[in-house]
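Using the sequences and the hints given, assemble the complete structure.
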Amino acid sequence: MANIIVLVKQVPDTNARIVLSGERVDLSAVKKVMSPYDEFAVETALQHREASGGEVTAITVGAAGADKVLKDAKAIGVDHIVRIDCDDNLDSNALQSMLASVVSSLEADVVYCGKSAADTGAGSTGPGLAERLGWASVSNTISVAFGDQLSVITPSSGGNARVNVPLPAVISCDKGDIKVRKPNVKGIMQAKRAQVDVQSVEVPASTISIVTHSMPPAKPAGKSYEGGAAAAEVAQLLRDEANVI
Amino acid sequence: MTETVVIAEIVKGAVHPTTAELITAANALGSQPVVVVPCADASLADGAAKFTGVAGILAAKSDVFSDYDAAGWAAALDAVTPAGIIITSASPQSKDLAARLAARRGISVVQDVVKIESGNLTSPIYSGKAMQTVSLSGNAVVSVRPNVFDASGNDGSANVSVVDTSGDVATAVQEFMARASNRLDVAEANIIISGGRGMGNPENFSHLEAIADTLGAAVGASRAAVDTWDEIPHSMQVGQTGKTVNPNLYIAVGISGAIQHLAGMRSSKYIVAINKDADAPIFQHADYGIVATWEEALPILQSTLSAMMA
Numbered sequence: 001m002a003n004i005i006v007l008v009k010q011v012p013d014t015n016a017r018i019v020l021s022g023e024r025v026d027l028s029a030v031k032k033v034m035s036p037y038d039e040f041a042v043e044t045a046l047q048h049r050e051a052s053g054g055e056v057t058a059i060t061v062g063a064a065g066a067d068k069v070l071k072d073a074k075a076i077g078v079d080h081i082v083r084i085d086c087d088d089n090l091d092s093n094a095l096q097s098m099l100a101s102v103v104s105s106l107e108a109d110v111v112y113c114g115k116s117a118a119d120t121g122a123g124s125t126g127p128g129l130a131e132r133l134g135w136a137s138v139s140n141t142i143s144v145a146f147g148d149q150l151s152v153i154t155p156s157s158g159g160n161a162r163v164n165v166p167l168p169a170v171i172s173c174d175k176g177d178i179k180v181r182k183p184n185v186k187g188i189m190q191a192k193r194a195q196v197d198v199q200s201v202e203v204p205a206s207t208i209s210i211v212t213h214s215m216p217p218a219k220p221a222g223k224s225y226e227g228g229a230a231a232a233e234v235a236q237l238l239r240d241e242a243n244v245i
Numbered sequence: 001m002t003e004t005v006v007i008a009e010i011v012k013g014a015v016h017p018t019t020a021e022l023i024t025a026a027n028a029l030g031s032q033p034v035v036v037v038p039c040a041d042a043s044l045a046d047g048a049a050k051f052t053g054v055a056g057i058l059a060a061k062s063d064v065f066s067d068y069d070a071a072g073w074a075a076a077l078d079a080v081t082p083a084g085i086i087i088t089s090a091s092p093q094s095k096d097l098a099a100r101l102a103a104r105r106g107i108s109v110v111q112d113v114v115k116i117e118s119g120n121l122t123s124p125i126y127s128g129k130a131m132q133t134v135s136l137s138g139n140a141v142v143s144v145r146p147n148v149f150d151a152s153g154n155d156g157s158a159n160v161s162v163v164d165t166s167g168d169v170a171t172a173v174q175e176f177m178a179r180a181s182n183r184l185d186v187a188e189a190n191i192i193i194s195g196g197r198g199m200g201n202p203e204n205f206s207h208l209e210a211i212a213d214t215l216g217a218a219v220g221a222s223r224a225a226v227d228t229w230d231e232i233p234h235s236m237q238v239g240q241t242g243k244t245v246n247p248n249l250y251i252a253v254g255i256s257g258a259i260q261h262l263a264g265m266r267s268s269k270y271i272v273a274i275n276k277d278a279d280a281p282i283f284q285h286a287d288y289g290i291v292a293t294w295e296e297a298l299p300i301l302q303s304t305l306s307a308m309m310a
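Sequences listed follow chains A and B, in order.
Read in the numbering used here, the first sequence has 90 at position 90, and its numbers run on one by one without any break.
Read in the numbering used here, the second sequence has 48 at position 48, and its numbers run on one by one without any break.
Hints listed in this document are in silico derivations from the structure and should not be mistaken for laboratory results.
C-beta atoms are modelled at their ideal positions from N, C-alpha and C, and glycine is treated no differently.
Mixed in with the good hints, there may be bad ones.
[Claimed, not checked] Below 25 Å or equal to it, Euclidean Cα-Cα: the simulated DMTMM-like pairs (lysine to aspartate or glutamate) are: (1) B:50 with B:188; (2) A:32 with A:85; (3) B:269 with A:226; (4) B:115 with A:23; (5) B:269 with A:241; (6) A:192 with A:50.
[As the list claims (entries may be wrong)] Some, not all, of what chain A presents toward chain B, calculated at C-beta under 7 Å: (7) 131; (8) 132; (9) 163; (10) 234.
Following this line, the structure appears as structure tokens:
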């Protein structure tokens, strides 16, 4: 029986346009979804439960609006949903401290999360949480096999490595060949009724502050050509002008 | 003055040239960094002695550094790395290490930095659809995107001091599975040539592979290509749900430039687009755009490059 945790995060739909209002991004008109890599983490957590028995708890950090991502996880099949209540913009130290405190209190055997969230793209939460808990961690896994230890496959220079991971551990999941299951009607009905366990945790002060958001610098217009014969000229420019080959 | 430390980027048992860019980033924060070289054999650190703009080279010697284990590396580096702002590469492995090292020190981490100005750090967010600039109060670990900062000089002769260190390794590599070909992975390559659904069928990727082999490049693919053809594995996918890449040269062939794909490659130094549709969004991001079918353009590109590389 395994006590399994999966971390999920609500992010703007990856197809959404991001706009600014003043010097901050304005997400008011943007649809929010579960971060895509978290879907692979949820799937892996459910497969772990099927292999070894036990229960899966999904945790998110955010204000009440973030309950939606927990309900989505519940509809797919997790057993318990926990929101760590926080409306602030946290730096990695503050966020991981909160998560470490809740994961410790739940006496988990393993934590799954996405390799990075689609908003920050940082990928810091998995390994940072593991360090705070004193656990093993592997990031960017493309396959996980379950047993007393985990056997994971992760990219390594020149190929992939199969790595044995003792539990407890934090695993940050890439897509690999995982096919995620979709919620069924029964799951969606259960999710509607499910209670979110809202927890409050003390937050250390953030030492990183946002100064400004901006749009990426516009790229100067490039050179354009008609017809395949131009490939010869472009190849020459890549050497003489761009100095990249 | 802010103290800075650079953790040298180690690839295939050698100090990777991107380490020189990390030194420039440290200089931009206003100091000459100590460069810490994780190594099992201290002679490896000699590869960093040539870099200019550094305060010194510290060879952190331990058997821990033979295989990558996040817990063991963080412990062994933490034990010997001076206090200060720690700078690593934003390669997948070093971002993992950066997060672990920051957590070990109880400080924060800022990933994927592409600009440093007046002590403020700028990184792409929402996969490059916007930029975020932050300020630090106190020390932090900072990972820096490759191919963004200029390299520091390499005619120096810094002193190398050697210090033994250790850490408890948590995981064990059971087996290494080399790729079938010698071709680089998109996450490692300085030149990438990618194909999209415009390639027509997966067999046609052989034309991209031939050019890749001429250039020592990696072959990538758009999400549409990966989702459409089983023969194109997800490991090749560049984009928001694939790999984010920052090569010197990115050649997009038969790729329209969906927002998800642009997110993964728009920070490439030079972008070449080959597409038969003149209105394809990819052309707005291309330094060199060729409106043509791949059948017309690739043979000419191949023969010109072959002649140049010969």
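### Task
State the violated hints by number, sorted upward, taking the hints as numbered earlier in the document.
Per hint list: zero violations.
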